[in-house]
Amino acid sequence: MKKPAPTVPLLAIYKLFFGVGVFSFGGGLTAWFHREVVLVRGWMTDDEFFSGYSLAQVLPGVNSTNMAVYIGQHVRGAAGSAVALAGLLSGPFFIVIAAAIAYNRLVELPGFTAAMSGIATVAVGMIFRLGMASAKDSVRHLPSLLVLAASFVAIGIMQWPLLPVLLVLAPLSIAAAWLRGPPPVRKDKHE
Amino acid sequence: MSDHPLLALIIVIAPLSLVALGGASAIYAPLQHQAVDVYQWVSGREYLELFAIARVTPGPGSMLTTILGWRVAGLPGALVATLALYIPSSALCFVIARTWNRYRGSRWHAAIENGLRPIGAGLMIAGGVMILRVEESGPLAWAMALAACALLTWRPLLHPMILIGGGAVVFMALRAVIG
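Residue numbers (the numbering used here), protein chains in the order written: chain A, 18 to 208; chain B, 156 to 334.
These aren't lab readings, by the way, just hints derived from the structure by calculation. Model, not experiment: these values are computed from the prediction. A virtual CB, placed ideally from N, CA and C, is assigned to each residue, including glycine. Misleading hints may appear alongside valid ones.
Partner residues are not named here, just some residues of chain A that face chain B (Cβ under 8 Å, in silico) [said to hold, decoys possible]:
1. L27
2. A96
3. L102
4. I136
5. T138
6. A152
Beyond 12 Å from chain B on every Cβ pair, some chain A residues (computed) [said to hold, decoys possible]:
7. P26
8. Y31
9. V39
Throw the hints in and build the complete structure from the sequences for me.
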């Protein structure tokens, strides 16, 4: 069903997700995943990644853990999912407890809150860049472009609740994509 | 309500796993109600502190449930709270991801994939905007986010640690200068 690919060792999956979990200060985990899985390691294509990201957002649960489960499943099935999730959470599990114990000292460090603020804004920049890459195909078709703009305005500007927005936009968008038919040639390109 | 702390953690957190539509931000308000008002595990002020801690540590921001579990019942509490939040949604995601990949290539799969793609992109950018909105630095935060985005457009493989370190240093320097 899929093109044969060299089997990725479970340890490699664990290491990747552990590393992202431990170093992803400020958020933007999906952008890290994209860099490591698509750009650096080539475990999946851009299309496969963004397809999974759409699922991860539509399903309940945290986007980053859903994405870890999706990537793990794609690469190594059930074991891959479990290892990816465990890798992602095992580092932050101890770090967050340590930070809770040391919190009062941390916030008194000069510049600590400023540094955290700077890190968070950079993480947003990473999210924006990934959003641009994901939007690239959508802007070629008017219905897709309208749906993209509508979902952005509804959630990002109007701050409407997600569920009703999805219930309206998803059927419309899927119907439009159905009428358009499958894309003529599937191009597995990397930027 | 349950008197057993570990059981209570599961009862409170596991359902949130499956209603957390749109990610961690959807669970903060209902979890706060349960933890502060119903079970009185922490005060309102302490809850905000847990939120702040989860935000400054790496990993998913939703790991505030891990610290909540730690406050309630130590290490077992932390473990139970973490698993209760991530296992139900992950199991669902796994089943759907497997089905999803099995039908790759069919027309309805392509329609759903191409239909959801612009929504995913719109939500992603909206999520970034929402974070910038709660940042206190205002225009500076926007400038920094756009600069990081531009830098990544120019150099896609630039390591995130370099960006993150740069962001931290610039904000610390500006805070020191502006005060």
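Hints and how they fare:
1. L27: It is violated, given that the least Cβ distance between A/L27 and chain B is near 15 Å, above 8 Å.
2. A96: violated, 11 Å
3. L102: holds, 6 Å
4. I136: holds, 5 Å
5. T138: holds, 4 Å
6. A152: holds, 4 Å
7. P26: Per Cβ check, A/P26 is outside 12 Å of chain B; nearest 20 Å; holds.
8. Y31: Holds: least Cβ distance 15 Å, greater than 12 Å.
9. V39: violated, 6 Å
Hint compliance for this structure: hints 1, 2 and 9 are broken, all remaining hints hold.
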